[in-house]
Amino acid sequence: MDDRLKKALEFSNYQNALSVQRQLLKEKLNSSLIYGYNGGIFKVTESLISFVQFLIDNDRISDIPILDSNSNPILIKDMKEFRDSILNVYFTVVVGYYSEYEKIKKNRTIEKLVEL
Amino acid sequence: MNKGIILFAHNSKEVDYSVLSIIAGGLAKKNLDLPVSLITDISTIEWMKESKIYSIALSVFDKIIETQRPREFNHRILRDGVESKKIPFINQNRSSVWHLSPYDKTLLIDTDYLIFEDVFKSYWQLNLPFMISDSIKLVNGKIGVLDRWISDIAPRLFWATTLMFDKSDESKIYFDLVDHIRENYRYYADIYQYRHEVYRNDIAFSISKHIVEGFKEDLSNSLPYILSLTDKDELIDVKSDGRLIFLLNDEISADKSFLSSCKDQNVHIMNKQSIVRNKEKLLELI
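Just so you know, the sequences run in chain order C and F. Counted the way our numbering counts, the first sequence spans residues 1 to 116. Counted the way our numbering counts, the second sequence spans residues 1 to 286.
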């Protein structure tokens, strides 16, 4: 086989493995960002955090219904407590995601990438 | 309200579902911190005793519930990487879980679904009688039409790999209807246009859900999607820190495969034989 083709195929394999590993990390991120509260299921996103902060800034701080990820109305008894909880989920998960993401970025071989 | 996890295991000559259930049950017990029970039959229990894994089963399972073994009229292709053969598929009594589960709220999982993270923790508190996963995502990113829909003209396919239900009359309706659909599987195949040769719980539960919920697609009672490997992919190694190493089949070029791995993620490994091949290492993780 031509050396150029061989190198290209090796790199293609690596890129393929890298793409799958990144995708797996994203799946892990998505499932870890699910947060259950008062019978509702919330995906903790930047927009949820901003919306909750917006409500607090506008004095909507207790007994406020908001829509969960399934569009069901869920009563938030204490909005500040809810904000603190989702912020905690967000940062715990995203910090973990960042460190795993950086780790796979540095691994330049398939063996290191999958921690064989 | 007591909560717990249930698995079914009916051994066949080709697949040791008992060892799969111990692995999947042990991981679920450890990582969800809840009791796990097994629904099985006398011949599978005898096999566990004979193969000296019964003592492990007793330590993993809160209860071992004996039931009648379903008749082996269902056959399907068992793939193990590039190899494949037709085998009996004993899955016809899944709906009996509503009666057999000793828990007020139950999470039912397949024996090839390995739990490493508690994505279900937020779902136990939901006041919903019946929940089922609404999709799978394949590790290799590819997904076929029949992984999404019952058939190309029918509604969404839900995945009975994970089910959560309570013991209400409302949830019972779903399971009773699954029984009826199984008994009239060919009739429903005409309506929903799926292949009737192999009975699939995913299809029966999807139709039941479709009918019970007013012939509409309702995703408000969905469990998390199921991260899956196909039966053409293989689990090839298990590291002591829990990292699973896979050989993924390349869909474009069948003779090509590539490595992948994951850690601390729930994963549905359809290639059951590859789980069995790694049983010693997996059992060390429970």
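Don't read these hints as lab results, they were simulated from the structure. For glycine and all other residues, C-beta sits at the position ideal for the given N, C-alpha and C. Accuracy of the hints is not assured; some may be wrong.
[What the hints assert, rightly or not] Simulated restraints on C-beta separations:
hint	chain 1	residue 1	chain 2	residue 2	range
1	F	ILE77	C	ASN70	51 to 57 Å
2	F	ARG148	C	SER19	18 to 24 Å
3	F	SER43	C	LEU87	50 to 56 Å
4	C	ASN13	F	VAL198	30 to 36 Å
5	C	LEU87	F	MET1	42 to 48 Å
6	C	LYS103	F	LYS256	25 to 31 Å
7	F	SER43	C	SER85	46 to 52 Å
8	C	ARG60	F	MET1	44 to 50 Å
9	C	ASN72	F	TYR187	30 to 36 Å
10	F	GLU197	C	LEU67	40 to 46 Å
[To be verified] Away from chain C, derived, C-beta distances all over 10 Å, residues of chain F:
hint	residue
11	PRO224
12	LEU248
13	LEU259
Original post:
Can the suggested window of 44 to 50 Å be confirmed for the beta-carbon pair C:ARG60 and F:MET1?
Top reply: violated (32 Å)
Problem - Outcome for the supplied range 42 to 48 Å, where the beta carbon pair is C:LEU87 and F:MET1 - result: At roughly 30 Å between Cβ atoms, F:MET1 and C:LEU87 fall outside 42 to 48 Å, so the hint is violated.
Q | Exclusion check [F:LEU259 not at the chain C interface, CB over 10 Å] | A | Check fails; 5 Å does not lie beyond 10 Å.
### Message
Please verify that the nearest CB of chain C lies beyond 10 Å from F:LEU248's CB.
### Response
About 7 Å separates F:LEU248 from the closest Cβ of chain C, which leaves it inside 10 Å; violated.
Starting from the range 51 to 57 Å, see whether the pair F:ILE77 and C:ASN70 falls in it by beta-carbon distance. violated (36 Å)
C-beta pair F:SER43, C:SER85: status relative to the range 46 to 52 Å that was hinted: holds (49 Å)
Using the C-beta atoms of F:SER43 and C:LEU87, is the stated range 50 to 56 Å upheld? holds (54 Å)
Should the hint that C:ASN72 and F:TYR187 are 30 to 36 Å apart at their CB atoms be regarded as holding? holds (35 Å)
Please confirm whether F:PRO224 is truly not at the interface, meaning its C-beta sits more than 10 Å away from all C-beta atoms of chain C. Contrary to the label, F:PRO224 does not stay out of reach of chain C, its closest Cβ about 6 Å off (not over 10 Å).
- Could one say that the CB atoms of C:ASN13 and F:VAL198 fall in the range 30 to 36 Å? Given range 30 to 36 Å: holds, Cβ gap about 35 Å.
Range agreement (Cβ of C:LEU67 with Cβ of F:GLU197, hint 40 to 46 Å): holds (43 Å)
Check: Is it true that F:ARG148 and C:SER19 lie within 18 to 24 Å of each other by Cβ?
Finding: holds (22 Å)
When each numbered hint is compared with the structure, violations occur for hints 1, 5, 8, 11, 12 and 13.
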